[in-house]
Amino acid sequence: MNKLTFLLSIFLVLLMLIEKLYFLHLEYSFSYSLVAKLEYVSLIIIVLLICLSWWKKLVLPKDNRPITNSLFTSRTISLHQNKFSAVRVILIALITIVIALSIFINLTKKSLDGDGVTMYDARAKFLQAGYQFSNMNDLTYYNIQDKNYYLLYPPYTSIAHYFWYQANIPLPVSLIYSGYLILLAIGVFLLTQDFIGTDWGLFLTFSIVFNATVFLTAVSEQTYLPYSLYLVYGILLLARFLRDNLVWEFFCGVLLLALSQWIRFEELVWLGVTIAYFLTIAAELIKNLKRFFTKPIKTLLHYKIYFIYGLMLMAVSLLEYSSWRYFVHNIASTLSQSSFNYLYAPLNIIKDNELQHVINLIKFLIFSWGVSLFIFIASLFATTNTQGRHAVTRSMLFIKLVIGLSLLMYCMGLYGASFAGNWWEELNVSLLRSASYLIPLSYFLVFTSLKTFCQTHHWKTFVKTAIKIIITI
Amino acid sequence: MPFARLYDRYHVYYRYLVLAAWFFYLFSPLFFVLRIFIHSYPENFLPFYKEIFSIVTNNPSYIALPFIILFIGMIYFYPKHGANKDKIIFKIILLSALISQLSITYLENIELSHYPNYLFSTTGLPIDILITKNKLDVYLIIFIFLLIKTRQFKHLSSRTKKYLVQINWLNYSQIVTAIIIISGLALHLITIPKEIFYFRQDYNYKNRNYGSEYFYIQALVNSVPKYSNVILPPKVYDWPLLSNHLVVRYFLFPRTLISGNYLKLNITRKQFNTAYFVESNSFRTQQPWPKINNQDKVIFFDYKDPISYQQLDTIADLGTAKIYKIIF
Numbered sequence: 441m442n443k444l445t446f447l448l449s450i451f452l453v454l455l456m457l458i459e460k461l462y463f464l465h466l467e468y469s470f471s472y473s474l475v476a477k478l479e480y481v482s483l484i485i486i487v488l489l490i491c492l493s494w495w496k497k498l499v500l501p502k503d504n505r506p507i508t509n510s511l512f513t514s515r516t517i518s519l520h521q522n523k524f525s526a527v528r529v530i531l532i533a534l535i536t537i538v539i540a541l542s543i544f545i546n547l548t549k550k551s552l553d554g555d556g557v558t559m560y561d562a563r564a565k566f567l568q569a570g571y572q573f574s575n576m577n578d579l580t581y582y583n584i585q586d587k588n589y590y591l592l593y594p595p596y597t598s599i600a601h602y603f604w605y606q607a608n609i610p611l612p613v614s615l616i617y618s619g620y621l622i623l624l625a626i627g628v629f630l631l632t633q634d635f636i637g638t639d640w641g642l643f644l645t646f647s648i649v650f651n652a653t654v655f656l657t658a659v660s661e662q663t664y665l666p667y668s669l670y671l672v673y674g675i676l677l678l679a680r681f682l683r684d685n686l687v688w689e690f691f692c693g694v695l696l697l698a699l700s701q702w703i704r705f706e707e708l709v710w711l712g713v714t715i716a717y718f719l720t721i722a723a724e725l726i727k728n729l730k731r732f733f734t735k736p737i738k739t740l741l742h743y744k745i746y747f748i749y750g751l752m753l754m755a756v757s758l759l760e761y762s763s764w765r766y767f768v769h770n771i772a773s774t775l776s777q778s779s780f781n782y783l784y785a786p787l788n789i790i791k792d793n794e795l796q797h798v799i800n801l802i803k804f805l806i807f808s809w810g811v812s813l814f815i816f817i818a819s820l821f822a823t824t825n826t827q828g829r830h831a832v833t834r835s836m837l838f839i840k841l842v843i844g845l846s847l848l849m850y851c852m853g854l855y856g857a858s859f860a861g862n863w864w865e866e867l868n869v870s871l872l873r874s875a876s877y878l879i880p881l882s883y884f885l886v887f888t889s890l891k892t893f894c895q896t897h898h899w900k901t902f903v904k905t906a907i908k909i910i911i912t913i
Numbered sequence: 014m015p016f017a018r019l020y021d022r023y024h025v026y027y028r029y030l031v032l033a034a035w036f037f038y039l040f041s042p043l044f045f046v047l048r049i050f051i052h053s054y055p056e057n058f059l060p061f062y063k064e065i066f067s068i069v070t071n072n073p074s075y076i077a078l079p080f081i082i083l084f085i086g087m088i089y090f091y092p093k094h095g096a097n098k099d100k101i102i103f104k105i106i107l108l109s110a111l112i113s114q115l116s117i118t119y120l121e122n123i124e125l126s127h128y129p130n131y132l133f134s135t136t137g138l139p140i141d142i143l144i145t146k147n148k149l150d151v152y153l154i155i156f157i158f159l160l161i162k163t164r165q166f167k168h169l170s171s172r173t174k175k176y177l178v179q180i181n182w183l184n185y186s187q188i189v190t191a192i193i194i195i196s197g198l199a200l201h202l203i204t205i206p207k208e209i210f211y212f213r214q215d216y217n218y219k220n221r222n223y224g225s226e227y228f229y230i231q232a233l234v235n236s237v238p239k240y241s242n243v244i245l246p247p248k249v250y251d252w253p254l255l256s257n258h259l260v261v262r263y264f265l266f267p268r269t270l271i272s273g274n275y276l277k278l279n280i281t282r283k284q285f286n287t288a289y290f291v292e293s294n295s296f297r298t299q300q301p302w303p304k305i306n307n308q309d310k311v312i313f314f315d316y317k318d319p320i321s322y323q324q325l326d327t328i329a330d331l332g333t334a335k336i337y338k339i340i341f
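In the order they appear, the protein sequences are chains C and U.
To convert, count from 1 in the first sequence and add 440; that's the numbering used here.
To convert, count from 1 in the second sequence and add 13; that's the numbering used here.
Please note: incorrect hints may appear among the correct ones.
[As the list claims (entries may be wrong)] Here are the simulated DSS-like pairs of lysine-lysine, each with C-alpha atoms no more than 25 angstroms apart in a straight line:
(1) Lys-317(U) to Lys-587(C)
(2) Lys-310(U) to Lys-338(U)
(3) Lys-744(C) to Lys-496(C)
(4) Lys-239(U) to Lys-565(C)
(5) Lys-477(C) to Lys-496(C)
(6) Lys-744(C) to Lys-497(C)
(7) Lys-304(U) to Lys-335(U)
(8) Lys-477(C) to Lys-497(C)
(9) Lys-239(U) to Lys-587(C)
What the hints contain is simulated information worked out from the structure, not anything from laboratory work.
If we strip away everything but chain C, and leave its shape as in the complex, we get (with noise of 0.2 angstroms):
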């Protein structure tokens, strides 16, 4: 099951590097630059460094693991433990069922998505006939409501359009979407196995998969779905990695974080990754404040390895993030705004007194995403102890941290983006597939607490006496 997990996760590391190499031979006066430079070599000595570390097995040295040791052991569950149950072969086929129904909507619809014709396949198109990046704003030239249009989304998706058309392959190029979803899928399930088992993963994976909006981005050519899908699968593996402390692990979910920068540029998810890492590390100190306090330094020495490890990773993320800005700015000599705008959001709220600003926003956000928003308050609040009742795992700490703060980083987008609040509602369907990744981890977290939920056995007198309550009020 590790080895399958690994492999998944570098085959999308290499995807993406193999597409960042292309980009590097096309655009070459960009690879002169130092950015460019640092970036690929520093991307490659990471990926060496995974496959070492995997296959050495690299565990952090046992001076610098957590205090409370015992919390974060991991067991694995193999498959091969219990025979295939009535339940998961009924899992199975219906997880079967919704791809199978993805790739036929694809297989067989007329038409693209409304973006994946204006800017994805169009990018591929203008590949094929030889035009690079930097060049295609050239295209919008007599057209002065669209300028720097085509610069407005990194180029993962059009260059897998481009490799999909140049293989000759005979069908509809919207076949990668449902790929995705099958990556998505496989790889929900292996990260979360060995947290809630075989039979709860399986349901969770079911879950995902069948969540209308995760099955939407499926059929749309779009960058939600791949967006979603490195961002899950890194920030798991980040989570797998304050568990298990094993190294490759870490820079896998770094990598994956940190590329994923090239699907989406705008949204700052890995800030928020980076912060919640601190705070989680941060958090463990709390726990130990006795400790910290008797020996301090002997204590901060303790984690200094989690705090290189988080600087390494906010190093990386900055690194991915001022590459494609020194493309666009100055190779491609685009004026965009910078996405860290809308973090000084808040300090208007306090300096202009826009109270009733943000109760709007609130009520909108509210009756957007809906259940959405519902379920990811409720992981929020879910209870996730695994052995024991009052110790919360690093691992599901550093979950619910990701989703706070990531709920919080799209209040403060939609409330810089902009004062007029009938824009917003075009902004409706986007904002919940771009929160596309929330719903596996926010499900996640929602399946751990279930399982425990069911594991104290009290659930069944617990149902009967809230019922007698409800019918006496």
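Knowing the structure of chain C, use the given hints to seat chain U on it.
Only chain U this time, still in chain C's reference frame:
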């Protein structure tokens, strides 16, 4: 005495009351029909059976939903150790729920196939209320299942109160969150089959051949040579697709696209000699674009500013659309 066995002492004294309440709820829409009967005789009770087959093709999700309820009910909520009368009531409620779900789907289909508000005007059935009722049924049925299974019709006894005190608060909060999560998940899962099955219809409908203006784009692709200039309408409400350069470029790619707005700003003759455009009426306003004045040899690409030309030839005439070659 074990806690679970404590509940077996209570019996469903009011099981027939539950059944009566359920049927009252189920047939409540008939009151709407009665109301219209009192006021006027219905004259338009058409033979509805023709449309019964089209339900299966149009909205399969509504068919699937009652069956899912049936299966879940039979597997998880069936009172295995209950009294025989309970079992019979359980089966009656399940079957009647199934029938009501199917019949409302059927009615909804009739409404869709005719004009809006058709059912209300002929039979007095408000379809919006029925559809919401259909969704509400699911929760109500699950609630009744639980009622029958747990058989709690008496208010809390002192023993249960004691039991509540015995439970520590951490566990309690855990269970409250779990209840919230389960209900949230149930809400989410119920809406999904509809989304998936409806999606295909909506998708094909919306993107059928990229809309009606796609005809002009195809005409341009077929008749205008590659590596030439094509003038498009200015970006206005009248031409949602044809004025969208980003979409049109996807199909006309090697050709250079020029906006009608751009021509008023710049001197065209210096930049390009010849160009092509399609003349047609807008589907929305029936206004022709561009305005051509053959006598003065003047053309209006943005409805306002005149641009003079030397020569104007018709390349292709497709009835509703003409493709011209213009030499400035």
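We went through each hint and held it up to the structure:
1. Lys-317(U) to Lys-587(C): holds, 24 angstroms
2. Lys-310(U) to Lys-338(U): Measuring from Cα to Cα gives roughly 14 angstroms; hence the hint holds.
3. Lys-744(C) to Lys-496(C): Since the Cα atoms of Lys-744(C) and Lys-496(C) sit roughly 23 angstroms apart, the hinted pair holds (cutoff 25 angstroms).
4. Lys-239(U) to Lys-565(C): holds, 15 angstroms
5. Lys-477(C) to Lys-496(C): The hint is violated at about 28 angstroms.
6. Lys-744(C) to Lys-497(C): holds, 21 angstroms
7. Lys-304(U) to Lys-335(U): Answer holds: Lys-304(U) to Lys-335(U) is near 13 angstroms, not above 25 angstroms.
8. Lys-477(C) to Lys-497(C): Status violated; Cα separation ~30 angstroms.
9. Lys-239(U) to Lys-587(C): holds, 23 angstroms
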